[in-house]
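Going down the list, the protein sequences come from chains A and B. Per this note's numbering, the first sequence starts with residue 1, numbered consecutively. Per this note's numbering, the second sequence starts with residue 1001, numbered consecutively.
The hints are simulated quantities; they were obtained by calculation from the structure and are not laboratory data. Certain hints may be false.
[As the list claims (entries may be wrong)] With a straight-line cut-off of 25 Å between C-alpha atoms, the simulated BS3-like cross-links for lysine-lysine are: (1) LYS1158(B) <-> LYS92(A); (2) LYS1096(B) <-> LYS1158(B); (3) LYS64(A) <-> LYS1092(B); (4) LYS158(A) <-> LYS83(A).
[To be verified] Facing chain A, a subset of chain B residues (Cβ under 8 Å, in silico): (5) GLY1034; (6) PRO1097; (7) HIS1132; (8) ILE1139; (9) SER1145; (10) VAL1162.
Keep in mind it's a predicted model, so treat the numbers as computed, not measured. Beta carbons: idealized from backbone N, C-alpha and C, even for Gly.
There are 2 protein chains.
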Amino acid sequence: MTRPAHIENVQRHVVLVCPEVHWNTGNIGRTCLGVNAHLHLIEPLGFSLSEKEVKRAGLDYWHKVILTVWSSFQAFSAHIKPKKEEVVLFTKSGEKPFWDMPSRERMFLIFGSETRGLPESVITCYPDASYHIPSNLEIRSLNLSTAVGIALYESLRKIRPVHAWLE
Amino acid sequence: MTRPAHIENVQRHVVLVCPEVHWNTGNIGRTCLGVNAHLHLIEPLGFSLSEKEVKRAGLDYWHKVILTVWSSFQAFSAHIKPKKEEVVLFTKSGEKPFWDMPSRERMFLIFGSETRGLPESVITCYPDASYHIPSNLEIRSLNLSTAVGIALYESLRKIRPVHAWLE
Chain A
1 MTRPAHIENV QRHVVLVCPE VHWNTGNIGR TCLGVNAHLH LIEPLGFSLS
51 EKEVKRAGLD YWHKVILTVW SSFQAFSAHI KPKKEEVVLF TKSGEKPFWD
101 MPSRERMFLI FGSETRGLPE SVITCYPDAS YHIPSNLEIR SLNLSTAVGI
151 ALYESLRKIR PVHAWLE
Chain B
1001 MTRPAHIENV QRHVVLVCPE VHWNTGNIGR TCLGVNAHLH LIEPLGFSLS
1051 EKEVKRAGLD YWHKVILTVW SSFQAFSAHI KPKKEEVVLF TKSGEKPFWD
1101 MPSRERMFLI FGSETRGLPE SVITCYPDAS YHIPSNLEIR SLNLSTAVGI
1151 ALYESLRKIR PVHAWLE
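Extracted from the complex, chain A is given alone in its bound form:
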């Protein structure tokens, strides 16, 4: 059995490309905060991040989230320079189930917008890195914040971070 690791030593990045729904992004921030993951938002966003708007949306924890907002995906990738093997994309048409994603020390989990998914320009940058979360045809997709939670925790499975509330 793998030895549990402190969640603080793991590098997880969640990248939302043009998210549209304030509440989803807020909830994803909460999930990221809980596992020390860094949240990257790629503009344009479908909502405002002004103090007033964040307050109105009733987002818990938002001020504590490790957050960077980028003007474009190119700006993000030029600055952060993720290695190809550190990137996993989530799309409905992703070839492999998310359970097969690799486990790396540093990982970038990239998600598209609620209604439009990931742009082709991002998908073609990372061939062989597309994953799906299986579902039937009853739903168009999972809610974005649910999908991020599922994928982010799967990316931590082999690391088995400790639950700080039990220490």
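Given the coordinates of chain A, work out where chain B should sit on it, guided by the hints.
Positioned in the frame of chain A, the structure of chain B alone reads:
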């Protein structure tokens, strides 16, 4: 490698004990629908399930969710009679990480309310069945609908259901 199974052949039940937030329950319904899981709600609920209220909350897919509402946990368990080994409880103080939950053909994943968690009376019914989803101390807990998504998909990992959108 395990052979992928059709999601239709798997029996998954999500049980929410006294949920408080309409939107969370609605989003959990969407997740359940996507993997053919049955949703059980234990009263009292913190919201109304009337047509008007469901419409007002803007819940997608709600009318398609396989749903049973029970007047109490006792009513649920007396009628459904889940076997002890089919039950997994999720609480912040759960002893084992959710990655260690068993995989059964039929499973009942039981969650407490957003603010109060699971009642002790339910926890004591199922000793050794309590699991946590690891986090640091920055958040009190994950959002309920995120936690359900994470746990439900983990319960399907060994079954590896196919992604109907790729067939």
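Comparing the hints with the structure gives:
no., hint, result
1, LYS1158(B) <-> LYS92(A), "holds, 21 Å"
2, LYS1096(B) <-> LYS1158(B), "holds, 18 Å"
3, LYS64(A) <-> LYS1092(B), "holds, 21 Å"
4, LYS158(A) <-> LYS83(A), "holds, 20 Å"
5, GLY1034, "holds, 4 Å"
6, PRO1097, "holds, 7 Å"
7, HIS1132, "holds, 5 Å"
8, ILE1139, "holds, 4 Å"
9, SER1145, "holds, 6 Å"
10, VAL1162, "holds, 6 Å"
The structure agrees with every numbered hint stated previously.
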